[in-house]
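Chemist: Chain by chain, the residues run as shown.
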Amino acid sequence: MQFLSDNSDLLWSAFLTTLSLAVVSGLCALVLGTLLAGMRVSPVPPLRGLATFYVEVFRNTPLTVVFFFLAFGIVQIDLQFPSRFLTAVAALSLYTAAFVCEALRSGINSVPPGQAEAARALGLTFGQSLRQVVLPQAFRTVVPPLGNVWIALAKNTSIAAGFAVTDLTAALQRLANANADQLLAVFAAVVAGYLVITLPSAWLIRVVENRVAIVR
Amino acid sequence: MTSQLAGGPLVQLTGVNKWFGELHVLQDVDLSIDRGEVVVVIGPSGSGKSTLCRTINRLESIQQGEIRIDGEKLPDEGKALARLRSDVGMVFQSFNLFAHKTILENVTLAPTRVRRQGKAQAEARARELLERVGVAQQADKYPAQLSGGQQQRVAIARALAMDPKVILFDEPTSALDPEMINEVLDVMTSLAREGMTMVVVTHEMGFARRAANRVVFMDGGRIVEAADPETFFTNPRSDRARDFLSKILNH
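Chains F and C, in that order, give the protein sequences. Note that my numbering has the first sequence beginning at -6, numbered continuously upward. Note that my numbering has the second sequence beginning at 20, numbered continuously upward.
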């Protein structure tokens, strides 16, 4: 225990880094993923094609490769992110958006087509019928799959440790190297850090799911 | 109103053709509907009558021909099409009320979002319309809590809230239990009496006799015959119409 309190500053700041990586990337991925899902169901073929291309590229590329590309690859074309934290946020957001898009698209497909037809027949534009009628119903059916995406994202943040972001996993490496005799305590502390993020999420997802359920 | 009355037909279809893949579902359809006219479209299933109804607000696109609403050609897509649709009400077989919105919100959504009406104004008008179709008590419930007949009457109120020039009814009573059919037909009959322009695809021959100005009989994607209801039901000209009527009117 002495060991943990000695390193509480490092553990606490690592926890906050992991949490903010997950939250910031999650929000960006939600916005981008919703946009992509809108494009994938839009009546404009080029938009559909572009979104499909995006999803297939990012869903089928290992996250570590995405990190590599954003950290080192883009230097070749004279681009660089202002900080390693932002590089990680970008990689996590771009990657996760593809999964958010697919979760939402399955939700959109689960909304009976008559709902969108009725909205269009009333004179709502494509964007309005998506925002007012289809997406609110789609979000309700995708709370569980989106929850899975969120939990996967929270754990995927650990890849940032390999790219010089001091998150929980980086703290694990550092503390484990320096204190081989305290390995179990280090593991326990780091795992607890992840659980504090993911366990309440799972509970919250269940609550939200029950709150927004709609009767058909 | 007088300037509107001066114009040509409200809905005009000229040489309309549509294919679903190989299937030629609408073949050279010409149809002209005047202001205040109630046109009932009947025919065997698969005759193209629902498809015809759905082309009028372009829920189904057509490959050939032209459709004009109030003199204006139906645009292909985008804002212009949305604007034109806002003047054409539609009532569906499966009601299609917005499942996540209350009855009141179902009726006020389009007036506030499309017509940019204030919330208070839209709600007052919505309550008036719900009262008129006899479901004012249900305003704060969700669609799934209402009976089919009630839902369909709400759908009619939702269409009316946009003050449409014409309302399309696509088999509005086909999904209803028998005891609920009349409550919907009564609302439609009173609309017809008040001079609403209506296109009604239905199997309800009683309604056709009672409310239609003209009955259009379709078969195989074509309009086979069009006549006033009295003439059509007592003395149909075509064999196919006679055959169809003998099958549905015998029991």
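For the record, the hints were derived by calculation from the structure and aren't laboratory data. Please read these numbers as outputs of a predicted model, since none were measured by experiment. Check the hints yourself; a few may be wrong.
Distance windows between CB atoms, simulated [to be verified]:
id, chain 1, residue 1, chain 2, residue 2, range
1, C, 47, F, 141, 47 to 55 Å
2, C, 245, F, 141, 40 to 48 Å
3, F, 57, C, 82, 17 to 25 Å
4, F, 203, C, 34, 17 to 25 Å
5, C, 194, F, 57, 13 to 21 Å
6, C, 47, F, 72, 54 to 62 Å
For glycine and all other residues, C-beta sits at the position ideal for the given N, C-alpha and C.
Chemist: Evaluate each hint against the coordinates.
Modeler: Okay, the hints, checked on the actual structure:
1. About 53 Å separates the C-beta atoms of residue 47 (chain C) and residue 141 (chain F), a value consistent with the hinted range of 47 to 55 Å.
2. Taking 40 to 48 Å as the suggested C-beta distance range, the pair residue 245 (chain C) and residue 141 (chain F) does not conform, at roughly 57 Å.
3. Separation of residue 57 (chain F) from residue 82 (chain C) is about 50 Å and departs from the stated range, judged on CB atoms against 17 to 25 Å.
4. Between residue 203 (chain F) and residue 34 (chain C) the C-beta distance comes to about 55 Å, which lies outside the given range of 17 to 25 Å.
5. For the pair residue 194 (chain C) and residue 57 (chain F), the supplied restraint of 13 to 21 Å is violated, since their beta-carbon distance comes to about 53 Å.
6. Roughly 60 Å separates the CB atoms of residue 47 (chain C) and residue 72 (chain F), a value that falls within the hinted 54 to 62 Å.
Of the numbered hints listed earlier, those contradicted by the structure are 2, 3, 4, 5.
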